[in-house]
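Protein chains: 4
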Amino acid sequence: MPPDYPSILNEIAEAAKSEFGKGKVANYIPALAQVPAEKFGIALETIRGEQFGWGDSEERFSIQSISKVFTLALAFRLEGENLWKRVGLEPSGNPFNSLVQLEYEQGIPRNPFINAGALVVTDVLLEHYADPKAAILEFIHTLTGQNDIAYDLEVARSERETGYTNAALVNFMKSHGNIRHSVAAVLDVYFHQCSIAMSCRELARAFLLFANHGAIPATGERILTKSQAKRLNAIMLTCGFYDEAGEFAFAVGLPGKSGVGGGIVAIIPGELAIAVWSPELNEHGNSVLGIKALEMFTTLTGMSIF
Amino acid sequence: MPPDYPSILNEIAEAAKSEFGKGKVANYIPALAQVPAEKFGIALETIRGEQFGWGDSEERFSIQSISKVFTLALAFRLEGENLWKRVGLEPSGNPFNSLVQLEYEQGIPRNPFINAGALVVTDVLLEHYADPKAAILEFIHTLTGQNDIAYDLEVARSERETGYTNAALVNFMKSHGNIRHSVAAVLDVYFHQCSIAMSCRELARAFLLFANHGAIPATGERILTKSQAKRLNAIMLTCGFYDEAGEFAFAVGLPGKSGVGGGIVAIIPGELAIAVWSPELNEHGNSVLGIKALEMFTTLTGMSIF
Amino acid sequence: MPPDYPSILNEIAEAAKSEFGKGKVANYIPALAQVPAEKFGIALETIRGEQFGWGDSEERFSIQSISKVFTLALAFRLEGENLWKRVGLEPSGNPFNSLVQLEYEQGIPRNPFINAGALVVTDVLLEHYADPKAAILEFIHTLTGQNDIAYDLEVARSERETGYTNAALVNFMKSHGNIRHSVAAVLDVYFHQCSIAMSCRELARAFLLFANHGAIPATGERILTKSQAKRLNAIMLTCGFYDEAGEFAFAVGLPGKSGVGGGIVAIIPGELAIAVWSPELNEHGNSVLGIKALEMFTTLTGMSIF
Amino acid sequence: MPPDYPSILNEIAEAAKSEFGKGKVANYIPALAQVPAEKFGIALETIRGEQFGWGDSEERFSIQSISKVFTLALAFRLEGENLWKRVGLEPSGNPFNSLVQLEYEQGIPRNPFINAGALVVTDVLLEHYADPKAAILEFIHTLTGQNDIAYDLEVARSERETGYTNAALVNFMKSHGNIRHSVAAVLDVYFHQCSIAMSCRELARAFLLFANHGAIPATGERILTKSQAKRLNAIMLTCGFYDEAGEFAFAVGLPGKSGVGGGIVAIIPGELAIAVWSPELNEHGNSVLGIKALEMFTTLTGMSIF
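Residue numbers (the working numbering), protein chains in the order written: chain B, 253 to 558; chain P, 253 to 558; chain C, 253 to 558; chain F, 253 to 558.
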């Protein structure tokens, strides 16, 4: 008998309230700082088509680093294992935007979910697409069936205006020969991908691809091989939560990805995807309520990959 | 229908042969350097009691860092979540014996499977047991039903004679207040635990505890809570393979632990434990054939946590 | 009785020949790579107006990082001790273009002679001059009396085309708030200052300012206070030779500055300035013959600040 | 006309009073923590035999790291340039007891004045002397003419009891093959040398060796060649003040050495040695009043090597 998801989501939402006020809304760009701290939504979709939601689950927000999963899936499909010559697979012991490890490792980012790695992935997309920005959106439209998902141009512009650390990373990797297109072109795509606005509902739907071993459940369309999907899930587990990945694996035990917009998506392979949104972040840049909610979810359902 | 394990092990063993000669037998102590490079064994046990073996699966070898899982299980059972005040849960971006991260993080090791972390775990055991060396062996006897598993005193002595890096780690952590017993006492237990000799058969049997969510399948005895077992599995996945943990999760996708004696044990939660032994190591200190064998195992069986 | 400088320079030049072929001409930009490896010049000027030269002492070459002394002198005169809020005074344990230390120290460069520090100094000049490029040249014209010293625009252009590491540094410091002008403006001035072409003769003349405690000997014009001149000399001694500063202080014992164009200038306070040019560099980016020549000079003359 | 030293020392002492309370007495061992914070002494000796003192200039205190200069002088005399194969000459960008740089540089300490470097120097003395502790004292007796200068055995014992960081350093270097004697033997000599008790008067007298280019002024006995003395002075200037060496060179501009007992000794080559004692330390471990006093001394006398 499957878990009673509606009552579980209710219980999570009730309990999560006590966590409000423990984190801080991202404030490095105005568009993020203006999001009300009390926003809170959960959406859950199973690969069998069931849908459950709670709170602000239909409201779109800035997915930020969650976009790295989409661009990685695209690049991995296009490049296959060659991709790992330019970006590593190991968890990083440092914050997401650190230059230190990059220097010790000669311009090869540790993994595709730290900013440096995501920028290399973006550079890869520039090799394969004349218009990578269009290709990324089209991919998300295919995964979600929602063709109005779009870039938030104000967010993208703000990202550019304050994106000096990312510019430093691209320049540094270019000095090591690991960026092939112009610094400006890479940053332009990257700042746009971070600005994509999606709802919990849409994120859960999109991540069913990874829960369903590489095929879109609704259409049966195969996007990734089973092996590729399995591997992306492994990367999400080991690297998906900045320098808190081990803590998340320990407490929650699911592959997933977070963004500084306050979103977190996680999957149970062969079963479901669940997305949570709450803008208050802990010191590692992960949503406080999002982590709490997912921890409760695995406890209440007994579901775990371990 | 369960996989045909005997024929799968045969296929793995056949294929693994082509990997001989690609690694190097550990040579930092004489007792390890003398082990013939061509040793190769696999043992698989399911939680239902099935047993399969291939090659040198009954021959004992030095388990080395695999012992860290046993001491961690003991300490976690005794200390509960308090343990994580003294040792972290995050993957390390550095080699297993690095001092660098330890310094930046004020004497708190990143995780319990780097040497520094295992030494703190050993220090914890000194608080709870009058004779931790006896307690560790007794624990392994309980898990395996093999009461003659013992320390290899020659190996333990060799470890001590060359163990300056470990002595540096303990001294450094003691200077930060994260070691409570004498440097000599901690090192003595640690060098002994590394010297334990076990066979693939015995390792697979012992690790059924983690595959079976914390209870010994043969006796039903509960050693860890389900939650604790789940969490130990998560740590094995994210930290079990030195600075190659991400690569292993990507290629194999199972919780596990390796040792420089050439052993690797991995589990499929709810299903089985599998141990491989081949002394040739890659540059990260992991068995070349062991990793190859486990990669093939997940490919051939289709089993994965992802 | 003063030393017999002509015969000393002859002896140095004779001995230095044996060092040819031990280093490598800088090749990161074409304009530097094309300089003949066998170029070799020495010029010595005393504060009393004596001039001595040997070899290619009148031929101009790219002064590169030696320009950092001129911009630092300008900025120090303008900002006084306030300058040290934005750039440190400590030797760096890392190569000249390292990002690592910069990250640990929150965007404050260790000293004004690593690239990051020089870029902050350049940013300071942008606050004080409408046309800093003109101001820098004018300053050098004043120090040397040579009004045709100019930027090598081809070198400046090449620097820009390959200057991704410097772009990374400026972006990173801007992300920490330690760069106030546009990244493009700072880099433009910086790439130009590195391209200035001067001869050994002109460099020795210019550095008499520092030997003469802050006043130009030929005109008596005071540029820096005695205290400021003393302090710049101290910085040259502790930081003037990248991560070989300690070795240089040990072997030569004079304040000085080197550049990857193969130039080195050093001073004996109260006495003289000496410039050497030989394009072959050691692994630290310092001229092999230049260091050898200066080491011989202090040995043969017995002159030293120690 | 030489400066009026007595009135200069008076002026310094008067001004230095305003600095009391700005630092903290070292408290890592009881014997240091008990020293009254208000102790303050200055002694100055010229190579011509003049002596000047102020305050507690005759009271002995723990010289701590100043002892590194004496052991380095002994080892340099014995080993010559071979010494630099085992210890570097470059300033360290890290605190005096850091393990980080040591790891990156494979067990070769950056310079002989960080703890790791001094421990290697001590190891060198163990090769040359049957009783290095006696040899060190004998050397200091020769330099000062004071044969009752001795180890403070209580301090030495306290150092050992808390010396885990130093034990970590020695063990780590031994794992890299850069320590040849037993860890215990090296630490025993080291903890003793740190415990030597001397007065400002005696320190100034001893350091006349370095001011006088390697010969003891009182007896004419040559201990070091001129070149060796010059080189030791260079190391003192670039490395003598932990990670504040650049700041000290900038502000004071003299070769010198400090210790956490609150002592600082500096020299003016060819002229004098001056020792200051005040136990309150800044965050780098250097005496607050000591630095202030030396800064005033160079300002008031106009003496400087730059």
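Simulated from the structure, these hints should not be mistaken for laboratory data.
Among the clues, some could well be false.
A pair counts as met if it fits within one copy or between any two copies, since identical chains are not told apart.
To be verified - Below, a list of computed lysine-lysine pairs in the DSS-like style, where the Cα atoms sit at most 25 Å apart:
#, residue 1, residue 2
1, 478, 274
2, 385, 274
3, 337, 544
4, 276, 337
5, 291, 385
6, 478, 291
7, 478, 276
Consistency of the hints with the structure:
1. 478 <-> 274: neither (39 Å within a copy, 29 Å between copies)
2. 385 <-> 274: Answer is neither; intra-copy 36 Å and inter-copy 43 Å both fail.
3. 337 <-> 544: Answer is between; shortest inter-copy Cα gap is 20 Å, intra-copy 36 Å.
4. 276 <-> 337: Classified as between; 24 Å across copies, 37 Å inside a copy.
5. 291 <-> 385: Close neither inside one copy (28 Å) nor across copies (52 Å); limit 25 Å.
6. 478 <-> 291: neither (36 Å within a copy, 33 Å between copies)
7. 478 <-> 276: For residue 478 and residue 276, the Cα distance exceeds 25 Å both inside one copy (38 Å) and across copies (33 Å).
The structure does not agree with the numbered hints 1, 2, 5, 6, 7 stated previously, though it agrees with the rest.
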